[in-house]
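**Q** Numbering (the numbering used here), first residue to last: 305 to 490.
Think of the hints as simulated: they come from the structure by calculation, not from any bench.
Careful, some of the hints might be misleading.
What follows is a set of in silico ranges between Cβ atoms, one per label pair, in the way DEER data are often shown [claimed, not checked]:
#1 473 with 361: 51 to 61 Å
#2 433 with 399: 42 to 52 Å
#3 393 with 439: 27 to 37 Å
#4 474 with 397: 38 to 48 Å
#5 392 with 473: 33 to 43 Å
#6 378 with 356: 34 to 44 Å
#7 356 with 390: 47 to 57 Å
Even for Gly, the Cβ is constructed at its ideal location relative to N, Cα and C.
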Amino acid sequence: MNYNTSQFKNGLKLILDGNPCSIVNNEIVKPGKGQAFNRVKFKDLITGKTLEKTYKSGESLEGADVMELEMQYLYSDGEKWHFMEPESFEQYDLSEESMGSAVDYLVEQDICTVTLWNNNPITVVPPIQVILEVIDTDPGLKGDTAGTGGKPATLNTGVVVQVPLFVGIGDKVKVDTRTNEYSGRA
């Protein structure tokens, strides 16, 4: 299926240079003279690189046959991260490159979105909010609830997040995976 420039929208998956890409930003430019064109920013779903291209109004690109499925994260053996599709119990594994920053947020049993292209998993999006445990941070101060500044805390997945001063080792905290920010106690 081909998509015309008038159908371009953020999140649309297209084939570009043989790889599936997702539109990150689509800007329609109407110059004073000449034909209108689209300035499109893509994210390559295989390499993770961002590309910017322009297309004349009316041009079309081939749609990428990708599927986004909810899958459960099972475990990592150090080289691959293993996921299971809960309906069919079919298992998929991804390399560290394909995992990207999702590695920092996944705990076994978490449900995340896995993108398949030609039935091969290519990217993982962790849940927006994850609950992780603090394994290392400086001791908190009694009575400090103003939340000024905060302190770094290492969580059980290895990611470091700024947390309020009252958070201690062993506390479970909610983290926003889009911004890597503390968003409350769990």
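**Q** Look at each hint and say if it fits the structure.
**A** The hints, checked one at a time:
One distance hint, 51 to 61 Å for the beta-carbon pair residue 473 and residue 361, holds here, with the actual separation near 58 Å. A hinted range of 42 to 52 Å is violated for the C-beta pair residue 433 and residue 399, which are about 26 Å apart. Judged by the Cβ atoms, the range 27 to 37 Å given for residue 393 and residue 439 holds: they are separated by roughly 32 Å. Roughly 32 Å separates the CB atoms of residue 474 and residue 397, a value that falls outside the hinted 38 to 48 Å.
For residue 392 and residue 473, the Cβ-Cβ distance of about 40 Å falls inside the hinted range of 33 to 43 Å, so the restraint holds. Separated by about 37 Å at the C-beta atoms, residue 378 and residue 356 satisfy the suggested range of 34 to 44 Å. Between residue 356 and residue 390 the CB atoms are about 38 Å apart, so this pair departs from the stated range of 47 to 57 Å.
In terms of the numbered hints stated before, the structure departs from hints 2, 4 and 7, listed from lowest to highest.
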